[in-house]
Amino acid sequence: MSNQLSDDLIKIFMEEANELVAEMETDLVALEEDPSESSLVDKIFRAAHTIKGGSGIVGLDDVSRFTHLMEDLLGRVRSHELTVGSELVSTLLGAVDVLKSLLASAENPSSGGVSRGLEEATEALKAFMEHQSGPGASVRGPKPAEPEPDLEPAPQAPKGPETFEVNLRFAPSVMADGTDPLDVLLELHGMGEVEGLVTDTSRVPSLEELDPSQFYISWFFQIAVERGSSALEEAFMFLSEGHPIKFESTAPAEASAPEDEPRKLGEILVDEGMVGPEEVDEALVKQKPKPLGELLVEEGRISEEELSVALDKQSKERQGQQKAASVRVEATKLDQLLNLVGEIVINQTRIAQLSREYFSADGHELLNALGDLDRITRQLQDNVMKVRMVPIGSLFHRFHRVVRDLAQSCGRQVRLAISGEETELDKTMVEVLGDPLTHMLRNSIDHGIEPPEERQASGKDPVGTISMEAYYREGNVIVDVRDDGRGLDSRSILAKARQQGLASPNEEPPEEQVFGYIFEPGFSTAQKVTGLSGRGVGMDVVRRNIEDLRGAIEVQTWPGQGTLFRIRLPLTLAIIEGMVVRLGQEKFIIPLLSIIESVRPNDSNFRKVGGEGEIIRWRDELLPLVRLAEVLQMASGNGNLMDAICIIVEGDGKRAALLLDEIEGQQQVVIKSIDHHYRKVDGVTGATMLGSGEVALILDVPGILKQVMAKSKASRP
Amino acid sequence: MSRAKAVVKLNGEETLANAAGLKKRLLSALKKKKDVAVDGSKVSLIDGAALQVLVAAKKSALAKGQGLSVTNPSPALCRLLTLTELDGIFGL
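In order, the protein sequence lines correspond to chains D and P. The numbering of the first sequence is the numbering used here, which starts it at 1 and goes up by one. The numbering of the second sequence is the numbering used here, which starts it at 1 and goes up by one.
If we strip away everything but chain D, and leave its shape as in the complex, we get:
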């Protein structure tokens, strides 16, 4: 295998494995809540199996060995030799953690050698399997003292042969990875007694049209196996996903096909009342060499039209099933695509401007065409942006585990309620949101939710609830994290703020401002460092993370009833509505979100204070006047203040008036980062290209305000 190929393989494997591990985690927590949900066990088992197979192929032997153990243990759960309990789930969650670190160190070999906990986790898994009672042993595991042992053997599943109907059909590309479909058939053949085998060659094209690398033969047969369906499933395990293989037990109790499976032609015909079930059965017996439909037509039971209607339905149902299929695309490729579309938008605007200049009178058709192009380009841009959107659900579900672990370690009982999982937002945002949300959950569990006794004493459900909800509002995505705990205590927050010098001792700020202190750097009311909160990584980091995403966070609280943190995020990171302004020869963009309004300074509203400072009266407020030229250290084109214009801006709850030369108009701008190519510039978030082809810097309003405030504080005696 060439290096490039093996690198690519490892990359694909890693992506898949990380996804599977995340799913395993969610499923394990869900399983703990509902131990009877055997489909979850199956899913977790398949995940372990897939990772095992994949890691073997890319040569990650320790991952492969470890997942093999997990698979063994899960296999015993599937065969009802072990029952699901919180001890089992904890062991498996521990194993998932080890698996994560194994994967992480494989992905980044320089990060450190042997993963911690591998040995312990291996031992724990083995211990679990050894403890389970062997055949004939009727006593529980060797820990009889324990009140609720997990290891109680489940009631024995009835043994004996079980007959399955198998529809062995492969994706045409099955042979690409070296799989011989015939081998799969032979392997199954060796597993039990096969009856009624039919080789379906109807999809094989003529020799002229056949691409020998694609496979179209499928088989249908009944097989009686000893071990139950897991044996069959295992036989298909090594096949990559995407093969429409089906098998179902013919035993009446278990013959429940999943509802979303497309119906068989016979079922459709019977359901539509075109034929009776007996007629289908009769035809099925004779079907062997021919498709069922043809046979029924031949025998005059249904007409050609009826058949084609039913076949049409069948193919639609099949298509419906394939709809969920998706393509894995690297995020960087999407970024490049989005960038290019951004360029198109810019150039398109530029051409439109130029053509308006050149063909002012008789260029209607050209202008019309350009108008269409404009519409199409924006649609394209919207669509490309949507590709980057992912549902927030994948992120939310990660928190089941976080909440479970945190609640356990602080002796709380917490239920996590999730809604709005389908709400989509930019992939980057979903990634960045992980940390702040985790921290907010920590806070809610550690500070918000009371211990069960305390809750009970105050007449609450001993199990606290934290709800995470996402939804759209006014062009924003809102994420609410709400707990039904004790609420924020404004007095202790204020006391702490005074202690840290955030508020002066005699100041009695309004409640709103008091709650704002929790977002200040270093603020923590935790009396002791618990490992959960109080580690100095506080809500200030949460706020910073969210502001980096051009979002905002606010808090509301109800004493004794709970707290709500509301995060407001823009739908996308790449495009903003901006105001184009001129300062000297340069043009800048001020994000529209930061702008309140514009005023012209005049003798009645402008004041100089204390020699240095300048303020402007706006409505009933006195706002500091910020000369943008000074902040950006450039020469202003405008000497006369009264010819200039002020834009009232707001950021971080602070307001100021930015003084500049001229407002040119409003425009959608595509944000391009300049950090990569240049360096981080204070007061500037990025750059964009205007329709005229000029480059304009996008101003970072909160950053500028912070800079100005810091300066004015420092210059104060």
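List time: in silico EDC-like cross-link candidates among lysine to aspartate or glutamate, alpha-carbon distance up to 16 angstroms:
#1 P:Lys64 x D:Glu208
#2 P:Lys24 x D:Glu209
#3 P:Lys64 x D:Glu209
#4 D:Lys100 x D:Glu19
#5 P:Lys31 x D:Glu208
#6 P:Lys31 x D:Glu209
#7 P:Lys32 x D:Glu208
#8 P:Lys33 x D:Glu208
No wet-lab data here; the hints were simulated from the structure. These numbers were taken from a predicted model, which means no experiment stands behind them.
Let chain D serve as the given structure and place chain P on it in line with the hints.
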């Protein structure tokens, strides 16, 4: 159509690796407008890809009104065609 048959001799190993070659040989045999006899006496290993080429060839032959049958199948080939119940269509 003349009684004489165009003969295609299968190799010891007919797999995905040489399926394209098998397709070519069968195509050129079919072009001779004669019935085709596929000699399977030497086959020790055959996979799904090769089996499918044979099935496709049979389809093409049927469409053109030509015959195509397998002759002298080796035990391996015989077992496979019996197991998949394809022995009938190849005249066995």
